[in-house]
Structure formats: structure tokens, C-alpha cells
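Number of protein chains: 2
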Amino acid sequence: MRLLFIVPMLAVAVTLATSAQETTSLHLMPWPATIITSQSPPLVIQTSFTVGINNASDPGLRRAVEIFLSDLRRHTGSLPLDFTIGDNSSAQLKVTSEHANKPVQELGEDESYKLEVTSSGAQLNAPTTLGVMRGLQTFLQLVAMAPQGFAVPSVVIEDKPRFPWRGLMIDAGRHFMPVEVIKRNLDGMAAVKMNVFHWHLSENQGFRVESKRFPKLQEMGSDGMYYTQEQVRDVIAYAHDRGIRVIPEFDMPGHSTAWFVGYPDLASGPGPYTIERKWGVFDPAMDPTRESTYKFLDQFIGEMANLFPDQFFHIGGDEVNGKQWDANPKIQDFMRAHGLKNNADLQAYFNTRIQKIVAKHGKTMEGWDEILRPDLPKTIVIQSWRGQQSLADAARQGYRGLLSSGYYLDLMGTAASHYAVDPFADGAANLSDEQKQKILGGEACMWAEYVSPENMDSRIWPRAAAIAERFWSPQNVADINSMYARMEYTSHWLDAYGLTHNANYVPMLERMTNGTDTAALHNLADVVEPVKGYAREGLAKTEATSLTPLNRVIDAARPESLRAREFNQLVDEFLAGKVKPGMEMQIRSTLDRWKDNEIQLEPAAQNSALVQEVMPISHDLSALATAGLQALNYLDRGERAPDTWKTQQIALAQSAIQPRAQLWLMVASPVQKLIQASAGEKPTELAIPKSD
Amino acid sequence: MRLLFIVPMLAVAVTLATSAQETTSLHLMPWPATIITSQSPPLVIQTSFTVGINNASDPGLRRAVEIFLSDLRRHTGSLPLDFTIGDNSSAQLKVTSEHANKPVQELGEDESYKLEVTSSGAQLNAPTTLGVMRGLQTFLQLVAMAPQGFAVPSVVIEDKPRFPWRGLMIDAGRHFMPVEVIKRNLDGMAAVKMNVFHWHLSENQGFRVESKRFPKLQEMGSDGMYYTQEQVRDVIAYAHDRGIRVIPEFDMPGHSTAWFVGYPDLASGPGPYTIERKWGVFDPAMDPTRESTYKFLDQFIGEMANLFPDQFFHIGGDEVNGKQWDANPKIQDFMRAHGLKNNADLQAYFNTRIQKIVAKHGKTMEGWDEILRPDLPKTIVIQSWRGQQSLADAARQGYRGLLSSGYYLDLMGTAASHYAVDPFADGAANLSDEQKQKILGGEACMWAEYVSPENMDSRIWPRAAAIAERFWSPQNVADINSMYARMEYTSHWLDAYGLTHNANYVPMLERMTNGTDTAALHNLADVVEPVKGYAREGLAKTEATSLTPLNRVIDAARPESLRAREFNQLVDEFLAGKVKPGMEMQIRSTLDRWKDNEIQLEPAAQNSALVQEVMPISHDLSALATAGLQALNYLDRGERAPDTWKTQQIALAQSAIQPRAQLWLMVASPVQKLIQASAGEKPTELAIPKSD
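Keeping their order, the protein sequence lines are chains A and B. Quick note: the first sequence uses numbering that gives the first Met the number 0, first residue 0, plus one each step. Quick note: the second sequence uses numbering that gives the first Met the number 0, first residue 0, plus one each step.
Honestly, the hints are just simulated from the structure, not real lab data. All of these numbers come straight from a predicted model, not from anything done at the bench.
Straight-line Cα separation of at most 27 Å, DSSO-like style, residue types lysine-lysine; simulated pairs:
hint, chain 1, residue 1, chain 2, residue 2
1, B, LYS101, B, LYS159
2, B, LYS182, B, LYS159
3, A, LYS681, A, LYS577
4, A, LYS579, B, LYS594
5, B, LYS594, A, LYS594
6, B, LYS435, B, LYS159
7, B, LYS182, A, LYS182
8, A, LYS681, A, LYS579
9, A, LYS182, A, LYS211
10, B, LYS579, A, LYS594
11, B, LYS594, B, LYS645
12, B, LYS101, B, LYS377
Heads up, incomplete: computed chain B residues facing chain A, CB under 8 Å, no partners named:
hint, residue
13, GLY76
14, GLN147
15, PRO548
16, GLN611
A virtual CB, placed ideally from N, CA and C, is assigned to each residue, including glycine.
Model the full structure from these sequences, guided by the hints.
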């Protein structure tokens, strides 16, 4: 059991972590471990607001407060001359850090803090500057417009993370993401208290870091799109200032075609190689049998181990199909000579060699599930895309791990689906406490086949905030409606950091309509979602490559339609008899808008190939809306809808749920419920067809 | 008369510059000198689109095309691997520049170009790479979504600017504007073919450039907010790549308090000085009587003349109140000794000295109206904030000039009001052709008392695009409705460059409502405008300073409410009997929304000081809407509205037009017209109260 911290003299309302839904007026995300709210007046943030720090000689502390003040200005629309760092005695917010941060942030450092706010001032205490950073984000999230101006409610919060490893992986290999994209996502991570940025830096489609030792890696393997070492250092410093570790991943021995363009001798098959333009798992793999491979990797890993200061070094290790190994007689000879029975054995041999190299350069090796073999030392960390069972198996063998299965943002799942995944659940539920200690946390993953710098943020945010809460907050913080309410607020909160998940939505739609009739396309795009999992590929008319523009409705549409979710909830409440004044009007006016939407979208479709492809969905939206309105008419009149009509309309709903233009129309289900109810049937959820 | 260029074989539709309104389906802004459209199929932009250049060894040409391709990707949502620079023989767009650009762009360089587009390819020819840049922007603006995908219509354009000096001034002195703000505005300028960025770099409130010779200028005079010389060079290179000259302004001898913080000896009064926080005209001025002043300025101007390569050097010279001079006995002695009768004479003496220094460092002096005295050489350039008469007077004396009067964006005028101002009109109308040659063009000015990096773009764009058209297009391109239609399109077009005039609007409103009920605040903000001219200061409850947050509705509201303009036009057409189907419904549904808006905004107002201050306007909007709906009822029923009702409602409209929260409610006038019409009276425009 988690102990609840109480400050008796202030507490007029005690809020348990489990009843987060009661306090959605506080927009905290992740929700803190313990919070005590109060009816006392808030602390008003004047332009003369000052923050005092206990240790002016700690540059990390000062920097943390500077960043905080800059964020506070952004969130309040204040100016650079407002808010200052001052003396701890007279400051409105007094910050005390017992210890300065380490030069290189470590796994498991104390991130706890205690924040007390009263109308006369606030006090933030933490054992480390890292804890100060987390507490400052909490303070920031408490700032809201009030009758007095910007203000922070009186509150006592004692907080610490559930897991020490709360990560976000960004794949910059498949589509390159410029430094500004990375930085704004680091801001987003810091805002929701994530602390590991996992940078996937090499892929078949691109090698993305400057190597001075092996310059042909970036010169020939990146199409000119790579991070210079100076940029890498800049990103690492930026992350460090925000309490985020940066772990590079260089995927090997597979996923490595781009390496071979400049260095074909590394490969197991004959060259020459070109940068891969397609998506998928490909044959090229490093040759694990030649000493020259290890000599190269020793030097390369040595260079990168210097560049990236974090203790951990990710070698990937996933998805080697082994075809090049099978086809190479020398490799086959080597396997026989060394008693390696299959490709898994050969990869294990490779990993063992690589682990020694990584260790030699002072780093701890990390890799995907596939690398786990009992001959590797217990220090390594397994990142699981397979699930909790895989993690639990590793933990039982004494290996540390983190969960990414269930957190793949590119698969377009709902926030609720990610939120429901817990590193300690399912296959890991029966671990002993000691074994559970081996599970360090998790990482949300953003794979980049179908994202560009323009729309990647919209695939990460706001859903990653729900995952961040899963990693930070107590396990019993699990109320879905509270999560959605706070996530929606957080989504707009993150706009201030230049994240484009909201900002780019309408401009992307405007591009498709040449700026005309965007309202109609907006209405439609609001209620569709990209198909889930890996279905996009299967439904593609022509195979997508790294040259395919990502400018269609599927690329603009949000992974989760909150509009459809709200409408579905409204219909559920209405049909469950929880009718409130205005509820039916709200349903009707929404349906009215959808009914007329097709006609309004038609002129744009005439002039736009990109609008044209969604017109079948637009047609179904209008048809569904007509059906929904008719169903309401039956319900209002107390008539039972005729069977033939019902049958036709259910068929319409079931047809409308089929993907078109790789999109799902998300309001077929609530309309079906209205139809069913009007025919006197029990409303049932219309399941979206399962896809791979 | 301007000659019309004709290509007979292609021409199926000849469009004169004067009938721009007929071709608003083309979203060109500025409108070209001559354009011939065609019904032939368009040129489709595939991902394999290539641009050929005639001179691969011209780095400026290659860079121009690279920037164009990058912009084309932004505007089509394509990816870095799409579109390439290729061989001129097989390219879809063949670009020929007869001459490379000069290392330092000069006033009056040829910017003409000819662009021919057919379905099979396009040809862009220009005498200079500068002309290529302008033509590439035209090509870009022609790209639109079509049934075939992104495409460019078949067209022949021959184009050149009307004026050689088409500028935008940004005041980075009063509020510092970071480099990224400057860069995105340079992108906007390039998009509308502006070619001079006038960088106002010193003010009482801040000295904004690093001086290595006099480091206390930035160290003590900038609050740490200044451009390093490296950043300046970076901005200049960025501008040069886009065909934009960069002219620095260091305002002297007045507007110079920030200089004196580090170098009090420069001043005419005793120190010490602190950075000014208030707005206005202040007493401190340089001492024009001491040789040490000129010695300092010689070294300083020498340093800056090296840093800024442009031929012109702006010394400001405006608004010296002379109080420090009057109070300084030594200065009074000097004036008597040198026969200087008044402060204007003393400033002329100063200017003459400075002009020699500027000339010594190889530059041509530029300044505001006040510097003009017949003893200065004819080479200098006068920037007029006083008007065409002032320019004409200078031209008659042989001085070159440019117009800024009428183009002050910070005064919140309408686009139409700026568009109507012509450098050759009014006081300059009667100049001879030779004298007119002295008028080089004009500059839009963005003074920065009330702008921050967050909202400055919204004060510049899209209105500056209308001014850019005035400077570039033939004088007879003057149709207001065509201008507004194209400006609105251009406004969204500019979003792609990261300009925030649209992107920051809703987030600023969301901040005021804590993310709730933003629709209602949005409705209200859409129909108000900040008060005009210098009225904001007079209406302020407390004096604004450089510390005052710019986060209120007045700071988010657009300078011109296009929503109100459209509504006003709709009412005018309706009352003029030009009733179309749906028109009355549109008026009624708009009024319905406003009528209910107050109730919807009320909950947000309860929790927000910033919403609370606009509630009186919100109340009036709802009351006006109620009156407007009643007026329509009378009109529909063919009844004449009762006199008492009419009198009350007119009084309401006239009360509603009074500024509150420094805002004007822009829909009082159309509602008054409805009221008048319903009472059988002739509708009259309700003029906004004049302000200074």
C-alpha cells in the first residue's frame, strides 16, 4: 500500500490518488502521488513574481528555474522582463534542492519533491535538482487564469515517480526529424515528466549521425539528412537541462542497409547497396563472422560512446531475417565451425561480441527482446516490444527490462488502450516484488514510416501524456474519463512549446481544399481515424515509400477522434435514460451538421484529388446522420422503427465502418445504437473490423 | 501607359492588370504586371518534379531553387526526397538567369521575370537571379490542389515591380524579437516580393546589437536581449538568399537612452541612465557639441558599416524634444558660438557631421523626415512618416525618398486603408516624371510598443501583403474585393512559413479561458478590433510599460475583423435589394450565434480576469444581435418598426461603438443599418469614434 501524506493544518479537502476524477479542475498530468487541496485563496502570479533558490552556485538549479520562468512567461503571455530569480527570503516561490544534479543523469536518481502553495507563497523542496524540475512542472500546470489574474491554487503535493524509466522513442531513421522537432518534443516530455529520450538513429532508410571516424556513414547513407555531432551535443544538453537522459540506438546487425552504402564490406551479402526507399524487414545484415566487422564496430561504438554520455547504449538487435546469412557460404562455414546451430545462435554470438565492445567503452548494453540469451551478463536491459510475458521471463532470469509493447504510438491506438497497459500487469502480474524491481518502466515508441516533421507531433501528442501518467502516477490512478479530460487540457497546454499536434491540423486540411470550404473537411476529418495497427500498408493502392507525400486526410486526421468519442458517450447516456436538458438538442445539432456536410464538401472535392478520395466516407457520414435523425424522430414519437428501415440502416452502418482511404469513420457505432434503440433493440457497439 | 505583353499562340483569355478581380481564382499577391491565362490543362507537380537551371556554377541560383523546392514541399506536404534540381533539358521547370546576383544586393537591380507554364513544362527567364526569385514565388503561388493532384495552371506572366524599394521595418528595440521571429518574417516578405528589411535596432528601451568595440552598449543596454554579430550575419545571409536587403537603423541623437546606460558621456544631460521602461518621447539625446561624441560614433558606425553590407545606413533622426539641450549651458554656449539658432539647427549640424562619418565608411545615409536640410548632399534618402507632401518637397529639392506614412501597421488600420495609400498620390501627385523617379517606394512599419514575439506576426500579416502589392503591382491594380479575397488566401499561404498570425490566435484565447468555452470567446474576439492610432494609450487604466503582459483580448484580436467586414457587406447587399437565396438565413444564423454568446461566455468570465474585462462588449454583442433579429422580423413582416423601439436600438448601437477594454465592437454599424431599414429609414454607416 502507498502511504498517504497528510499536512493537517492546511487540509480542508483530502484527495486520494484513486479519486482523481473528482479534481479534474486541476489539470495535472501525470497526476501526483498525493495531493491535498484547499479552499484557501490562491497564490496570484504578478509580473513581479520571483523565485528564490537555496543554492545560487548550482548552475543546474539556476538553469532549471530559468527554463521554468521562460515556460511561465509562455503560459501566461508575459514578457522576458517579467518574473525573476531572486533571493530565497523574499521570493514568492522558494526552491530548495538538497543536492545538485550529476553531470550525467543516471537511472534511478531521486525525482521526488514536495510542493506547498498558499496565497502568500510557495515552497518547493526536493532531494535533487531533478526533483525540483518535476516539481516546477507541477507548479506550472497549476497556473491558471482566475478572477484575480493568473494564479496557483493552495495545495500540498508530495510526489514521486512509480517507475524510474519513463521514455519516448523517436525513429529519426525512416524519416529524418530536424533538431527543432526533437527539441519541442523534449519540451513536451519534460512537461509530462518523462525522463528518457530514446533516439533511434539508424535504419535501412537512413543513417542519421555524423561519424568523424566513418564519414561515409552519413555522407552516403543519409541523403544529406543527419545530425552533426554539434547538434547531438546541443540536443543532449537541452535534454539534460530538462532532466531527460538521451540514449542512442544504432540498430544492428539488421535494419542496417544505410550503413552498407558507404561501407559494403560490413554486410553479409555482396554490394553495392543503396539507401532503402521501401518499408519493411529487409535482407541486408552485418556479417557477424568477420573480425573486420568487430573492428569497425569497436571504433564506431567508441566514437558514439564518447558522443552520448548516458550509461546505456542501445544496439537494436531486432528483426534479422537471416537471408543474407543463409546465402553466404563463408558464414555457413563459420556457423558449422563454431557449432552455431541456427541464425538465432549466430545473432547471439554477435550480441555477445558487441556486448563486450559496449562494455569496453564503459556502457551498458540495451536491446530489443531478441537479444536476450542467457549467456549475456545480467547488466543488460531488454526493451520489450513483445509484451509483459517477455519482460517477466527476463526478470525471472535476472534481467532488467522496460515495456514498449502496448505503447506503439504509430499504430494509432486510443489513449485509453495505451493507458490500460501496465508494465506490472498481465504476464508480469505474478512476479515477486524483487523481480518487479527489474522492470524499470517503459517507453512510448514513435516509428516513422508514416510521419513527417509536419505531422509527427500529432501522432505523439497528446496520447504520450497518458502513457507518461501510467509510468509516473500510482497504479490506481486509472479513471478513464478523468484521464481524457486532463489529456485534452494537456494537449493545448503543450501548444505553448511549439508542438504542432494542434497547430498543423487545420493548415494541413486547408492545403487540401485550397483554403475553401475547410469547415466541411474539418467536420469530416474530426470524426475519422487512420486505420490501426499495420492495416495502412495492406490497404494501400500503391506501395508507400520514403518518397510518398504524407499530405492526405489520413496524415492530418488525429489517431483518436475525441469528437467521435464524445458523441458516442452522449448517445450512450441518452439511450441509458440519463437524459439531461439540451442533450437531445446537442445530438440533433451534431447530426444536422453532418447531414449537410456532404453537400458543403462537394465543391472542394471537385477541385481536389485529396478531398475526392474521402468523398465516399463523407457520403456515409451524411447518410448515417440522416439515419440517426430519423431514429431520434421514432424515439421522440414513441414509435417503433419499421423492421425494413432498421435493417437497411444497420446495413448502412456496417458498410460505413469499412475502411476507405485507409480511414475509419468513427460515428457508425453510436448511430447504429440510435437505430437499434428506435427499433426497440438493445444498442450494441459496432466493432471496428480487426486488422493486423 | 504600361504595355501588355501578348503570347498569341497560348492566349485564350487575356487578363488586364485592371481586371484582377476577374481572376481571383488565381491567388497571386502581389498581382503581376501582365498575365495571360489559358484553358489548357495544368502542369501537374509529381514527386519526380525537377527544376533545371541554366548555370549550375551560380551558387545564388542554385540556392534560390533549393529554397523554392523546400517551399514547394511545405506547400504540398511533400518530403525532402521529393523534387530535385536537375538538368535543364529534361526538367519540368527550366530556369534561366542571365546574370548572377551581386554579392551585395543593390537598390534598383532588375527584378523582372517572364514565366510560361504549359501542361508539359514551365520556363522561367529573368535577367538576374533576383528576377528568378520573384518568378519562383509567383510559380509557387500558382500551385494549388486540383483534380489531378497539385498543379500549376497554364499561364504566361511577364512581371516587374513598380517600385525598387519595397520594405518592412521591424522595431526590435522596444520589444526584442528573437532571430526566428525575424527569419519567418523574412520568409513572409519574400513570399510577397518585398525586398528591404529595415531593422530598427536601438531605442530608449533597448540597444539590440552586439558591439565588440563598445560592448557596454549591449551588456548594459539590452537586458541581455540583443543579436550577436554572428546572428546578424546569419540574418543578412538568410535575407540575401531571398532577395532582401537588410538596412540597420541606429536612431540618433534621440531615442537613445539605452546607449547611455553603458556610455553616459554620450548624453547631453548628467547620468546615470537606466533602460527606459515607459513608452513615449523622452528627453535624453546625444550631445552634438562634443568631439568625443563624433569620435565614438565614427568608431561605432565603422564597426556597424562592416557588419551590415548594404549601401544604406539609417540614422533615425526623429523626435528629439531638445529638453536636454535646452538645459545644458555648454550646449547653449556652443549653439551661440556657432550661430545655431534653435534645436533644429543643432540637429542639422549633428546630421551633417554624421553624414560625413557615414560617407567615410562607404555608406549612404538614410533618415526620417526631420533630417532633411538643404545642406545635406543629395545622395541621402528620406523615409517619410509625414506623408507624400513631405516626400514631394524632398523630391523637388532632388532628394530621394520613401513613404511610410499610411503604412504604420501598429496603428491597426484596415488593409484597405493601407492599400489606398500610394506613394505617387496626394501631395506627390503633381510631381514631374523625373521628380517621381526620386520616390523609390515605401516601407510598412511595425513599431513595437504593444507587440511581443507571440503576436507581432498578427500585426504584420496579412495586412503587409496588401502594402506589398501596392509597391509591386501596377497602380491600377486597386480592386478592394479582389485584394481582400487574395489577401485572405495569402494569409493562410503564409502559415506554411511558421508565421504565427493565424496559429497563435486561438491559443491566446484558450489561455484566457483555461481551455474552456473558447468557442464563445472566439466568436467575440472575431468581431472586435483594437482601438486605432494611438488611442490605446489614452484608454489605458494604468500606464503600460515594457513589463506589461500582452496577453489580453486586445493583444489577441486581429487588427481588422474580416468577420465583421463580411457581415457588413452581407447586410449592405441584403438591404440594397441584392438578396440571394440563403442570404437572410446566413444573417440570421450569425445573429443567433451572437445573441446566445453572452450566456455561453459567462462561465469563462467567472474564472478569468481577462475574459471579465470584455464582458460589457459581450453584453452589447448579444443585445445588438437581438435588435438585429427583431429588425429582420419587422422587415420580413413588412411592418415598420415602432419609433420608440428604433430610437432605443439606435442608442444601443451608438453606445456599443464606444471603446471598452481598448476594443471596438465592429458589428454595431451593420446592425444599426438593419434597425434603420426596419424603421423605413435610409441605412447609414455608424462611424467609429475618431481617435488620435
